[in-house]
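Residue numbers (numbering that gives the first Met the number 0), protein chains in the order written: chain G, 0 to 436; chain A, 0 to 436.
No lab work stands behind these hints, which were simulated from the structure alone.
If you're wondering where the values come from, they're calculated on a predicted model, not measured in any experiment.
Please note: incorrect hints may appear among the correct ones.
Cross-link-like lysine to aspartate or glutamate pairs, in silico, EDC-like; alpha carbons within 16 Å at most [to be verified]:
hint: 1; chain 1: G; residue 1: Lys233; chain 2: A; residue 2: Asp74
hint: 2; chain 1: G; residue 1: Lys214; chain 2: A; residue 2: Asp74
hint: 3; chain 1: A; residue 1: Lys143; chain 2: A; residue 2: Asp61
hint: 4; chain 1: G; residue 1: Lys142; chain 2: G; residue 2: Asp61
hint: 5; chain 1: A; residue 1: Lys233; chain 2: A; residue 2: Glu188
hint: 6; chain 1: G; residue 1: Lys143; chain 2: G; residue 2: Glu267
Take a look at the letters that make up each chain.
Number of protein chains: 2
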Amino acid sequence: MRQGEIIAIGSELLLGGRLDTNSLFLTEQLASLGIEVRFKSVVGDRLAHIAQVVRTASRRADVVLLTGGLGPTQDDVTRQAVARVTARPLRRHLLALEGMRQRLAAWGRIPTTAQFRQALIPSGADVLPNPIGSAPGFALTWKKTLLVALPGVPVEAEQMFTTAVVPWLAAALGSERRPARPVRPDRIERRLLHTFGLPESEVEQRLQPFVRSQKSVRCGFLASPRGVTVSFLKVQGGATARSAKKDGTLDRLVRAARKQLGRHVYAEGAETMEQVVGRYLARWGLVLAVGESCTGGLIGHRLTEVPGSSAYLDRVAVCYSNRAKVELLGVPERLIQRHGAVSAEVAAAMARGIRIRSQAQVGLSVTGIAGPDGGTPQKPVGLVFVGLDAAGFGRGSRVGAGRVTREFRFHGPREAIKLRASQAALDMLRQWLERVR
Amino acid sequence: MRQGEIIAIGSELLLGGRLDTNSLFLTEQLASLGIEVRFKSVVGDRLAHIAQVVRTASRRADVVLLTGGLGPTQDDVTRQAVARVTARPLRRHLLALEGMRQRLAAWGRIPTTAQFRQALIPSGADVLPNPIGSAPGFALTWKKTLLVALPGVPVEAEQMFTTAVVPWLAAALGSERRPARPVRPDRIERRLLHTFGLPESEVEQRLQPFVRSQKSVRCGFLASPRGVTVSFLKVQGGATARSAKKDGTLDRLVRAARKQLGRHVYAEGAETMEQVVGRYLARWGLVLAVGESCTGGLIGHRLTEVPGSSAYLDRVAVCYSNRAKVELLGVPERLIQRHGAVSAEVAAAMARGIRIRSQAQVGLSVTGIAGPDGGTPQKPVGLVFVGLDAAGFGRGSRVGAGRVTREFRFHGPREAIKLRASQAALDMLRQWLERVR
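Assemble the whole structure, with the sequences as input and the hints as a guide.
Right under this line is the structure:
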C-alpha cells in the first residue's frame, strides 16, 4: 500500500484561531485512492521549517500533499519552500497567470501585483487550476515522491482535489514503472457507525465478541457530545486480484454490530443526525416545527445545514424569555409559575404549542439549563427536558400521534451541553420517525 | 527559546470524522509558557507509528505533549507506546487507581476491568489527575525531553493542562541545571485583530507600511467566512532582562493597524463577534430579538454560546416558510407577494416585526438564498438581505432609533453562505451598537 503524508501550512493552524479541516477531507480522499496517510504535520509560515518538514515527509512517503501558504500575502511561502527543497527555481507560469486573470475578470477585478506572485510556480511543475479562488496549485515529481501543493481555503482545496489532483495522481502513478508496486491502488475499506445514548465502554463491550473474532479488521471508538462513533477499518494488502476484491467481511460485521447496538445506531458513514431526520421527514411528507430554549437556535441551525430542509421545516421559535414562551408557543403562564421554565410540563407544552400554532405534524422542544450560571440544587446546570408532540397522520390521522417527554442530565461546559441537548432532541425525533412507519 | 512539539493521537483524527481542537489550545498555552511549537503531528492508533513519532519529536523538542489514546478501549495504546520508547514498563499506579475510583463513585459507578487499564502508567512517571473524566494523564523526563500525555477529550485536556501540566512543567523546567538556557521562559507576544468586510489583499495593503517598518514582528493574514484575521507575532529571544521585557512595539503596531482598518475591526484577541455584540447589549441594557430565515437559527445559536446571553436576548424566530414570516414576524403577505421573501423590503419588515412583537429595543433580521437550489438569475444563490430596526432609547427615547437594510452577495457552499450571512448581520448590529453611544 502506498504511503501518503499531509502537511498543513500556516502559523494560524499552530497558534490557534483556526481549525485545519482540509487534512480530514484529504486523508479520506487519499485513502479512497489506496494511499494510506500515516502521518500528518502542521507547520508555521517559516520557509526553513516548511522545507524541513517537506524533506522528512518526502523520505518516507510516496505522495506528499501540502495545503496552505499559496496566497498573495508576504507570509505565503510554500512555493518558495518547495522551490528550495527541490532546487527548482520559481518561474512565472503563463497558464497560471491566464487562469488567474480570467477568474478575477469574471468578478470584475484586475489582478494586483501581489496576486501576480501567485502565478510563480517551481520550474517543471504542472499547474493545478483553481476554479473558485485566485491561487493555483501545482504538482511535481521529486526523487520518486509526488509533491502536490493546494491552497489552504477548504472549499478550494476540496474542489481542486477532485478536478485536478485525482487525474494528475492517476497519470503520475500510472506512468511509473515500478513492478513491485501495483499501479492499480489497493482497496481500503472503512465503515462508520454513529450511536447515541450509550457510554463508550458499553458500546465496546457489546461489540467485543465480533471485533475479537475478526483479526483483519481494526475497530476504533470515538466519544463526543454527538455520541459514540465506531469505525471498522480493513486494509487489503498485496496486489493479487483476490485480495483486492471486497470480501464482504465488513458488511457482515456492520450488520452484526447494528444488531448489538439496536436503536442506538442513528447513522452510517458520513451521514449526520440532521440528515437522517431530514430524510425521514421528507420521505413521509411531514412538516416539523421546533421550540427551543437552552439550545438557542442550534437545532434549527443544524436542521438547515441540510439542503432542501425548507421542504419539511416550517419554523423554529427560540424563546429565551418566559414571555416569549407564552407568546410564541402558547405555554400557559401558570404552568411556568408552577413547574418552572425548565420542567417536563413546560417542555410538553412547548412542543404542543409550536405544533398547533404552525399547523405542522410534529413539534419538538427543548428547555434546560446550559450554564455556567442559573443552576440550583434542585435544577442543576445540565438538566434538560426534551418534548415531542405529534398530531398523527396517515390512515385516519391517528398513525404516529402521541407525546413523549424525556429528562436528561448532561455534564460539561455550555457549548457541550447545548450540543448534547440538540443531539438528544434530534435523536428522540429520529427514533420516533423510525417507529412511526 | 524552548522548542515544544504536539502529537495528537487517534486514527479518527487522520481518517476524518473529528477535528483536533486540542492542539490549538495547547499551542497557545505552551507559547504563553515561552515554549514555541514549531511542529505538530497527527498519528493513528498504531503502537509502532506512535512510537516512531514520539522518537522523532523527542530528538528535536524540549517538551513533547501527547493527546489522546488514554481511554479504556483496545485502540488506546499511547501508554504502551511511551512505555516502549522510554523502556519503562507499565505499572498499576495506586494514586491513579484511587483517583479513578473516587471519580466514578461520585457518578455512582464502579470501575470496569477495561477502565482499570487506565491506571497503568510507565514506571517512574508522575500521574496527572483528571478532575473531569476517568483517564489520568502522566508525565516523565526521558533523555532531557519532558514527555506529557493527556487524554484526547478537549474539556479534560484543557482543564488538566492548567491544573496539572503547568505546575509539573514549572517544577521540571525549574529544576534543570542548564545555564545555557534560561530557567525563566522568554516571552512570546501575540496579538490578533479580527476584521469583517474587507478582502484579504486590501487588509494587507492597508497595513503594508506599518508591517514593513517592524522587522522584529511577524505579521500574518487569515481569511475565513468570519472575515480576515491579522496576527502580529513578536518573539523575544535571549535571556537578558532588557529583551525579556515588553517594549510596547506591539501596542503601537496594533493601534496603528486599528486606525488603518477603521470600523472593519470588530474584535481583538480571543473575543468573538457574538461576545462583542453581547458586551455592548449588556452594557447599554438593550434587549435584542432576531428574525432569521436562511441562517436557520445560526445567529441565535452563536449569540447563545455566550454565557449570560439570556440577559439581552429575548427571542429568535426562524421563519423558513412564508406563513411563519407572516404569523411570527407580522410581515404583510402583500409585501412578500410583491417583492418576494428575499428582498430588502421583507428584511426591513422582519426586523421591525420581531422588534415590535417582542417589545425589544433592537430587531435584527436576515433573509436570503443559502442554496444550493432556489436561486434564479434575478435572485442568485448567495443573495442575502440584512435588516436592523431600533426603537431608540436613552434621552427622549430617540437616541439610536432608526432602520438599516443592506444587501450582500456571498459565494461558496450552503454552510459558508449561512456563516457569512450570520457574520454580516452580527457585524451590522455591532457597528450600530458602536455608533449609537
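We went through each hint and held it up to the structure:
1. Distance hint between lysine 233 (chain G) and aspartate 74 (chain A) is fulfilled; the C-alpha atoms sit about 15 Å from each other, no more than 16 Å.
2. In summary, the hint linking lysine 214 (chain G) to aspartate 74 (chain A) is supported, as the alpha carbons are separated by about 13 Å, within the 16 Å threshold.
3. Restraint check: the Cα-Cα separation between lysine 143 (chain A) and aspartate 61 (chain A) comes to about 7 Å, which is no more than 16 Å; the hinted pair holds.
4. With a C-alpha separation of about 10 Å, the suggested pair lysine 142 (chain G) and aspartate 61 (chain G) falls inside the 16 Å cut-off, and the hint holds.
5. Among the hinted pairs, lysine 233 (chain A) with glutamate 188 (chain A) is consistent with the structure: their alpha-carbon atoms are about 5 Å apart, no more than 16 Å.
6. Distance check on the hinted pair: lysine 143 (chain G) and glutamate 267 (chain G) sit about 38 Å apart at the alpha-carbon level, beyond 16 Å; violated.
Hint check: a violation occurs at hint 6 only; the rest are consistent with the structure.
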